[in-house]
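Number of protein chains: 4
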Amino acid sequence: MAGSSFGNIFKITTWGESHGKGVGVVVDGVPAGLTLDETDIQKYLDRRKPGQSKFSTPRKEDDIVEILSGTFEGKTTGTPISLVVYNRNQKSKDYSEIASYYRPGHADYTFDMKYGFRDYRGGGRSSGRETIGRVAAGAIAAKILHTLGISLLTYSRAIGPVEIKASPAELLAKGHSTVLTKISENSLYMPEEDAAKKAQDYLEQCMKKCNSAGGIVECLITGLPAGLGDTVFEKLDANLAKSIFSIGAVKGFEIGDGFASAASTGLDNNDAFRMNENANVEKRTNHAGGILGGMSDGSPIILRAAFKPTPSVASTQQTVNKSGENIDINIHGRHDPIIVPRAVVVVEAMTAITLVDALFINMSARMDALTNFYHTFYHT
Amino acid sequence: MAGSSFGNIFKITTWGESHGKGVGVVVDGVPAGLTLDETDIQKYLDRRKPGQSKFSTPRKEDDIVEILSGTFEGKTTGTPISLVVYNRNQKSKDYSEIASYYRPGHADYTFDMKYGFRDYRGGGRSSGRETIGRVAAGAIAAKILHTLGISLLTYSRAIGPVEIKASPAELLAKGHSTVLTKISENSLYMPEEDAAKKAQDYLEQCMKKCNSAGGIVECLITGLPAGLGDTVFEKLDANLAKSIFSIGAVKGFEIGDGFASAASTGLDNNDAFRMNENANVEKRTNHAGGILGGMSDGSPIILRAAFKPTPSVASTQQTVNKSGENIDINIHGRHDPIIVPRAVVVVEAMTAITLVDALFINMSARMDALTNFYHTFYHT
Amino acid sequence: MAGSSFGNIFKITTWGESHGKGVGVVVDGVPAGLTLDETDIQKYLDRRKPGQSKFSTPRKEDDIVEILSGTFEGKTTGTPISLVVYNRNQKSKDYSEIASYYRPGHADYTFDMKYGFRDYRGGGRSSGRETIGRVAAGAIAAKILHTLGISLLTYSRAIGPVEIKASPAELLAKGHSTVLTKISENSLYMPEEDAAKKAQDYLEQCMKKCNSAGGIVECLITGLPAGLGDTVFEKLDANLAKSIFSIGAVKGFEIGDGFASAASTGLDNNDAFRMNENANVEKRTNHAGGILGGMSDGSPIILRAAFKPTPSVASTQQTVNKSGENIDINIHGRHDPIIVPRAVVVVEAMTAITLVDALFINMSARMDALTNFYHTFYHT
Amino acid sequence: MAGSSFGNIFKITTWGESHGKGVGVVVDGVPAGLTLDETDIQKYLDRRKPGQSKFSTPRKEDDIVEILSGTFEGKTTGTPISLVVYNRNQKSKDYSEIASYYRPGHADYTFDMKYGFRDYRGGGRSSGRETIGRVAAGAIAAKILHTLGISLLTYSRAIGPVEIKASPAELLAKGHSTVLTKISENSLYMPEEDAAKKAQDYLEQCMKKCNSAGGIVECLITGLPAGLGDTVFEKLDANLAKSIFSIGAVKGFEIGDGFASAASTGLDNNDAFRMNENANVEKRTNHAGGILGGMSDGSPIILRAAFKPTPSVASTQQTVNKSGENIDINIHGRHDPIIVPRAVVVVEAMTAITLVDALFINMSARMDALTNFYHTFYHT
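The listed protein sequences correspond, in order, to chains A, B, C and D.
Following the numbering used here, the numbering of the first sequence begins with 1 at its first residue and continues without gaps.
Following the numbering used here, the numbering of the second sequence begins with 1 at its first residue and continues without gaps.
Following the numbering used here, the numbering of the third sequence begins with 1 at its first residue and continues without gaps.
Following the numbering used here, the numbering of the fourth sequence begins with 1 at its first residue and continues without gaps.
These are calculated hints, taken from the structure and not from any lab test.
Straight-line Cα separation of at most 27 Å, DSSO-like style, residue types lysine-lysine; simulated pairs: (1) A/K75 x D/K322; (2) A/K54 x A/K182; (3) C/K197 x C/K165; (4) D/K21 x A/K49; (5) B/K49 x B/K208; (6) A/K54 x A/K93; (7) D/K197 x D/K54; (8) C/K209 x C/K49; (9) C/K143 x B/K21; (10) D/K21 x A/K75; (11) D/K21 x A/K43; (12) D/K174 x D/K143; (13) D/K75 x A/K322; (14) D/K43 x A/K21; (15) C/K21 x B/K75; (16) B/K143 x C/K21; (17) B/K75 x C/K322.
These numbers come from a predicted model, not from an experiment.
This is chain A alone, in the form it adopts within the complex:
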C-alpha cells in the first residue's frame, strides 16, 4: 500500500530510511511564484537537529537540504519540488543483535508482522529521520502561510509531569515574538523559565536512572480567517488529528479544551459571541480552540499532541527474540532521553501542511468567490 503521501492538492510524499542513502520529500502543488531557496528550508531543519543540548542524542547529524527540482531563478515554478538530505553520519556498526529481537515500544515486531522482515538499521523507515521530509515540506507550507499573514507558534507545554502554567491565551497576550524569544532561551523549547528549569532537573533524574520521558507539544495558529475546513469528514480538526497522529510516538491529540471539555458543562464550555470594538464578531472565550463544526472560527486554533517517552532506554528490558525465546536486552547507542523538543518543529510542519491544503481546497466553496476569481484571473 502507498502510505507515504499526505494532502490533496498540496501534497507531500516522503521517502527514506535512517541508514539508507538519504531521506527526502516531493512537495507537489506549491503555487508558482513563491520565492524559495535552500535557506528557507534549512532553518526549519536546523530546529530539529540533534546534539543541541545534553537532552538530545550527541549523534551529529548535519542535515543539509538540497533542492533538486521545482524552482527556477529563485522562485517556485508550480512543478513538484524534490528535496533531499543525504545521510552522512551512519556508522556501519554491527546491527546483528538488534536484528534478532523486538525492542519494546518500537515498530520492530509490527514491521516484521506486516512485511515479513525489516531494515533494522537505526529504525529503518520508522526512524525519527523520517520526519526530515515533513519538516522540509513544512518550511514551504509555513512560508506560504506567512505570506498570507498566518502564523504558527509551537512549543513544549509539558516535559514529563512538568507543565507550563500559562494558558494559550496568556501566551498570545504576551505577543508572538516575545514568546518565540522565550522558547529559544532553553533547549527544551518551553516558553516559561521556571518550568524549563524544573523540566531539566526532571530529565537529569531520568537519565541517571537510564530512563526516558515524554511530554506535550502545543501549537497556536493565529491570523487564520473563519470558514476553513469542512462539515463532515474533511473537518479541519479531523485533518489536523490525522496529520499530528501520523508523527511517530504521538498517543493523544486535542483541540481547545480537549479532554477537559468532556467533564465540563455546556454553559461553561460554550464560547459566547460578541461584537468587538472594530465591529467584528469575536468569541469571549476560546474553549473550542478555534474550530466549530469542523471549520475555523477566526479565533486562534489551539492544538496539543501527547508524545510517549522515548522507548529506547539504557536499562535492561524484557523481550522476545525472533526464535521465540524470552530474553533480557540492553539497547546500546545514542538515544534522545526525550524527543519532545525536537518534535516541536515536526508538529508545526504537519500543521502548516494541513492548513495550506485546507486553504487551497476551500477556494471553490462559493459561487460568488469563484466567479470573482475566474473573471479577475482569466480576464474574461
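Start from chain A and add chains B, C and D according to the hints.
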C-alpha cells in the same frame, strides 16, 4: 470542496440535512457475497435512536433504513450500496429566529463564514442526523469484521466528571458478552452499575440547571491481527484519529494510555514482549493500546474520544445576530442534555469503517501473500 | 474496491442497477449559492430518454429526478447534492435464461469472473441506466460552466460508416445556436441533414438484418481560458480520456486531429501562434484540439469518442453457458439498435464534470492569484 | 495543484525538469520481498535512451539510475522506493531566445498562461526527460507482473503513414520472444522488416525536409486473468486511457478495434464465447481487445496510442513572442525527428503501472477470496 467521502478502497459518501428529505450514504467497495439485508443495518441504527431515555431528546425519530442498490438475492454484489433514511418527523416550525443569530458552540457562524448562508433548520448538514449515514455504513463494516473474527466493544467511559473504574483490560477479562449485557442495562451505555447511577444523578442535576454534559467514549477492538496500518501517514492510529475526530463534538482522541503516557517514563510505558503458553508473542501490558509504529501489534486496540457538552442549553446565553448586534438568546426545542450515549455507536461505526479499509489496503503488502492469493484466486 | 466515484474536489458518486429500486448520484463539492432546482437536471436527463425515435428502445423510461439534499431555498448550500431517479418500468419478467449464459459483447462473463455472480436483470450495474447519475451530475457541472461563459456543443459525428462532412471549425463558424437547432432536428443528433438522412437509412438496414450499429460522438468546448489542466498525470486531456472511456461501449478517444496526427508531419500538424485583431494570442489552426502539454490553450477543445455497436442484437449468436456448454442464443427484449444518439448527452456530462474539477483545482496554481483571492475573499 | 502522482495503492510520484539537477520518482506501495536492484531498472531506462540511431537525438544522455531508499539486502522492504537520475549533459547554452517566444506545438504558451512564467530550459517539466521517472517506476511494476506470469509486448505499429501489416493476433501467434527479437532488430522497434525499412526511408525524407513524423505505439498484455478493473469509473480501459494520455504528445487512444468498431456492426464486432479444448471459456475473436464492461476478459489486452509528430522542426515557423509580436523562428538544437520509438517503453511502463494498481485494488472484490486470504495470511 468534496468533503463527504471517507476511505480509500472501502469508501463511504454521506449526504443529507436534518430537515431535508432524508439522509443517506453510498457504501462503495463492499466485497461481493456478503449476506446483507435491512435488519443488519437497522439494528445498528436503533442504537443511536433518540427517545430511549430521559437523557436523550424526546423527539421521535423512527429512522427506517432502505437499501436502494448493491444487493441481489440477499447478498452484496460488489457494486455500491445506497442506503436512505427518509426524514419523517421534521416539524415545519418557525426557524426565523434561529436563522437570525449564531448559537454558541454550534456551526452557525462558521457555516455562514464559509458558504455565505446556511440551511438553518435543525442544524442542517451539521445536525446529529448526519451520523445516520455513518452508522448505516458502519453496520456493514462491522459485519465484514465479524465474519473475520474481529470484534468491537464500545461504551461510555465517562459522563461528565463521572468515570467508570475498570480499565479496558479489566473489562476484557470479564468477557465481551458480559460487558455487552452490562452496557445494555442502562441508557447511558456505561459498563458499571455504580458509575451509571452516579452519572444519572449528575445528568439530572445538569437538566435542572438547564445545562448539559459531555463525556468520553471508549472502544476496544479484539481479534485484529498484527501488521495492519502503515509506517508513515497512513498509520492505523492516524486514520482512526481522523475518523473519530470527524464526528461532531469530538475534542480529543487517544490511543492506549494517551495523554497519561506523556507524563510517564520509558520504563513504565514500554510494553515488554513475552512468549505466551501457546508459543505466540504477547505484550505483558498494553500501554500502547495495540498500535506500535502505526501498525496493529496483535493486542486489543484501545481508543478514546472526548465529547464536549451539548452546546444547545436551555439557559439564556449571549451571542450576536446577523445584523452585528449583541443579544441574549434562549434556545427552544428538544435537545439531548448529553450526546455521549448516542455517540457510542457512531464511534464504533467509524472505527469499523476505518479498520475495513486498512484491512483491504494491507492485502498487497507482501509479495509472498500476493503471489499466493493470485494463484489461489485466479487458478493460474 | 470503490469504483463509483469520479473527481477530486468536485466529486460525483453514482449508484444503482437497472432493475433495483433506483439509480442516483451524490454530487459533492458544488459551490454554495448556485441557483438549482429539479428542472435544471430534468432537461439534461430528458436528452438521454429512450423512446424518442424508432432507433431507440421503445421501452418507456419516465426518469423523474428528485433532489434529496444540498439545496435550500432554491440555491445550493455547498453540501452534497443527492439525486435519485426511481426505477418505475422494470418488468418482473423471467430472467432465468439470461442468467444462465454469457451474452457476447456484454459484461456478463467478466462480472462473474470478478464477483463470482451477478445481478443479471437488465445488465445490472453495467446497464445504460447507470449513466443517469452521470447525466444528472453533468447538468450541475454544465450549469456552473455556463455561469462562467463556458459552453459545450455535443453531437453525433458518425453513425456507423456515415459521417458528417463539416469540421469542428466549420460547425463553430456557423454559431453555437444554429448548430444546436440543427442537432435537434433529427433524432440522431447529427448536425447535418444529409448525413442524418443517410444514417437513418443505414440504421433501417441494420434493423432489418437484426443487426446494430456504432458511431462517433464529438464534443466542442468553447470559452475555456488557457492554462487549465496540468503538465504530468493530471493533464486535462488525460482526465478527459478517463472520464469518456469510463462510459460503457467507448473503444476509442481522440483530442484534435487524434489518430490522423500520427500520420501527419510536424510542419502540417503544428498550429502557428498569431496575434489577432484584439491583440490576443491565437492559433491559426487547431490540430491540437485546444490542448498543449496537458493544458488548455484558449482554442476550442475538440474531443471524439468511438462507441462500439450495441452488443444486444436480435440475430442468433454463439456463446457458452454457465455449465460450460457451447450454445446458440437469441436475445429477446427491447434494445437500442444504436446507443450513440443517447450517449451524446453522457459524453457532454462527463466532459462538464471533468472541466469543473480541473477549474477548481487550478485556483491555487499561482501565488499572485492566491494572494489576491485570499485578501479579497477573507477581507484581511 | 498536485499533478505528479499516479495510482492509488501502487502510486508513483515523479519530479524533475530537463535542465534541473535531475529527474526522479518515488514508487510507493511496492510489496515487500521483491528482489530488486539498479540493473532491473537500468535495462528499462536504456530502452528510452537517445542516440541509438540516426532517428533519435544525437544528444548523449547517460541516464544512470540510483536507488535511494526502499530496498534492503537486495529486496524491497514495502517502504517507498526513491529513484533518481542526475542530469549530466545539460549544456549551459543561451536560452534567452527560446525564453522570449512560444514554440508551436509545445507547452510554452500554456505554461505561461497557467503559471505566469516557466523554466524554459529544454522544455522544463514538459521535457521528454520527465518520462524517466515513469519508465523507472514501470520497470518495478513490470517485474511484479512478470513474477505473476503477466507479460507486455510493445512496439511501433506505425511510423508516420507506414504501418505494419500483422494484426496483434498474428504477432501473438508468432510467439512473444520471436516478436521481441524482431523488434530489437531495428531502431524503430517495428516488428516487421519491410515496414521498418519503409519507415526508415520515410523518416529520411522527413529529415531532409527539416520536418518530423508521428506514429502509433501498440501494446499487448498476455497472461492477465479475467475480472480485473471495475464497472463504472475505475474501468480498466478508463485507467489505461488516462495513463497513456498522460504521456506527452499522445492524441489518441484505442482498445481493441477502437475507432474501427464505430463503423462496424454488432454481429461483426461481438466476440463469440466458446469452450476451448482445456474446457476454459475463450473468445473466438478479440475485437473487444480483452476488456468487456471495464473488466479484463482473459483474452490479450490490445491498446494503441497515437503520437503526434515532434513539434520541434528545423524549418522556419511562425509564432508570437512575449511582447505580442508576430515573428518567424528557427528552432535550433538536437531534436528527435520522431519520438515514437523512444515512447514504446514509456507506453509499456505506464501500462504496467496501471495494471499493478488494478491488481492490488481487486484483491478485496469478493468475500470468499478475502476470507481465504485473511485466514491463510494471518494464520487465524
